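Respectively, the protein sequence lines represent chains A and B. With the first letter of the first sequence counted as 1, position 26 gets the number 25 in numbering that gives the first Met the number 0; the numbers rise by one all the way through. With the first letter of the second sequence counted as 1, position 360 gets the number 359 in numbering that gives the first Met the number 0; the numbers rise by one all the way through.
Don't read these hints as lab results, they were simulated from the structure. Being a predicted model, the structure only gives us computed values, none of them experimental. Every residue, glycine too, gets a C-beta built ideally from N, C-alpha and C. Any given hint could turn out to be false.
[Stated by the list, open to error] As a list, the in silico DSSO-like pairs of lysine-lysine whose alpha-carbon atoms are at most 27 Å apart: (1) Lys-126/B to Lys-275/A; (2) Lys-275/A to Lys-304/B; (3) Lys-75/B to Lys-275/A; (4) Lys-197/B to Lys-251/B; (5) Lys-200/B to Lys-222/B; (6) Lys-126/B to Lys-152/A; (7) Lys-275/A to Lys-299/B.
[As the list claims (entries may be wrong)] Residues from chain B that face chain A, not an exhaustive set, calculated with beta carbons under 8 Å: (8) Arg-80; (9) Asp-82; (10) Cys-85; (11) Asp-86; (12) Pro-87; (13) Ala-88; (14) Lys-95; (15) Lys-96; (16) Asn-113; (17) Ala-117; (18) Gly-364.
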Amino acid sequence: MTLFGRRNVLLAMFVVAAVTPFLVNDYYLFIANTILIYVLLSIGLNVLVGYTGQLAFANAAMFGIGAYTTGLLQVRLGWPFWLAFPSGAVIATAVGLAISLPALRLKGLYLAVSTLAFAQFTQWAFLNWETVTYGAGGFKTPPISFAPLPFSKEIGLYYLSLLFVVVLFVLAQNAVRSRFGRAFVAVRDSEIAAQSLGVDLLRYKALAFGISGFYAGIAGGLYSALLNFVSPEGYDLFQMVLQKSMIVVGGLGSIVGSILGAGAIVVILEALRAVKGVQEIAFGAILVGFVLFMPGGIAGFLKAKLRGWEEPLHRTQGGRPPPSTLVTPSEKSEVRS
Amino acid sequence: MATGQGVKGAAIGLLMTVAAMQAVQAQVPGVTADTIRIGSFGALTGPGYLYGKLPMNGIEVVFDQVNAAGGINGRKLQLVREDDRCDPAAAIGAVKKLVSEDNVFALIGGGCSNATFAAREALDQAKIPLIVMASVHDGITTPVAPAIFSTALTSTIESQAQLEYALAQNAKRIAVVSMRDAWGRARYTPLMEAFKKKNIKPVADEEMAPDANDATAQVLRLKAANADAVLIVLYPKPAAIFMRDAQKLGFKPLAIGQSGIADPAAFEDQVGSPGATTQFRTISMVRYTPEDPAVDKWRKAIEAKFPGDRLSVFNLFGIGSAEVMVEGLKRAGKDLTRDGLVAALDKLTDFQTDVYGAGITCTTGDHRCNKAPVWIAKEPGKPVRVLGVTKVE
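Take these sequences, add in the hints, and give me the full structure.
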């Protein structure tokens, strides 16, 4: 294991994240919490786009559905956050699964257009279904309490977000190294070849959409609690562009890249506050720079330049990769005779 | 040895004095012996820049004039701008940055209503004085937040003013045409309450969608109700369609808009039907149009500071709110504290600015300090003119 390898860097990042609330002011804590929420979004989206190759544009809508469901269940029905929050994630997952049904028949640009239409419909519902969503003006959500834990809302929410990032990162990492991950990649690389190997397209596309919906739902619930406010502006096309930028900058098909991309984009956006008035131009230029000079994203660059950044699609044993011989199809393999 | 101890003692004493002085200064963020740092947040980019960047430009020229005259109690004013892109999350981030990172003493800001409303909790927590320059959301100032003051009109005040104006023009049969989205409902609900208080029932109450492209049905129903005044709670686009169709169908009531249609000249172009806006009146937050000779001083200042810019009504929003802040800082005295500024603003009574329709009055129980909507109109072929002011109680 190299000193600046993936594991050591991730461990160092975790340690820094764990002590952050004790070292920074309110502003940086808010930014750190925002990064954690975007990490969840990026991981979910990367599973769908980077691993499974589904060019979908509905993640901002599912993020919004998670936030709206969590907030509305508290405000309209008086549910506590701790009940509304998982419900938001479940509903976003269900929506993700529902979107996957047309995705079986569509791909490429057609899938992009159909999911974009869904995102626009969701935005329309947020704006105009006033009896439920409060329309364009949005609504305030009740502040959450972490009592009896000795945390303020800001610090408690930060650690809750960190907990979800750690758990869902490990889950995603394990998922992409399992037969599920290999099936996702097979679907991405060639649907016909994947089917000929026995990969059930509907099942794995639905699973990828469901995973991205679940991650977006969790992120949405945390976001509504962070802002204490839900309104349509936060879940529009710009939000989708932001999330896509994160996985492109971080590295498509890389769970670690999702973390790096989310962190990089949020930090860049905040740093660009210094160049007031030209943020969009500077942001665009940076994105173009990444696409031109780092096409594999930050993760791709690190894999090429440093040892220990590989992300194999199988589990290593004792820290060593398995011998590079032909893999015999096992009973767990998706390859069926 | 004794000399050494003396030097050591003097050094320790000096250090303690410096530390004590720093502690005293650190108690008041954003204030030094010769500067006061004021923050501002709003959209610097995107379509919302009208309510963010332009008012901030207005604030800056006021600060320049104050600084040129020696500052406030010997302290020069510095403006720190942050972009909120009209996005609630970005507005919270901007406020937290201004408070925690830029260490500003107070704020003048808030362009987009939802973004400012979302940031209210962060503002409350920081207990930092804010003067709202353009956002109209009632929730920003109601219920009262101890340190948040608004020199912008709120949507409730405008709705009340619409009815008052119609009555002042001797309208007997008043009708309403409104949008029922959140923006529209924020104005429609208090408008209906105002009708109820006056014990008046609108002769017709019609609805239009924000993206409507025809208003024939609404116009015919209002015409059938024989309305002599129509209170318009619509965005410019549906309002333009309503006015166009009203003229087409020979319906010419007194049409009363609100600050959502703040530029009658642009509205006339949008309607695109000569003579259709002859009876149209609308609300402005300020009592002068940018062409008025009364604001020559500010026109020259804006054009000198921002070459290529022309004075706009949005600059005037910033100029007015900055004048109120400057007055508050003066009254708070040399030993400046945030509590002192809040107390000074709380006591502002009929303070005259160069732009608002009437004097600014704030009380501890009501921080909606501007309750004087200004009525403006544009007759075909003539410039925009100010008709008068309605003072809402």
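Q | Enumerated hints in conflict with the structure, sorted upward | A | 18
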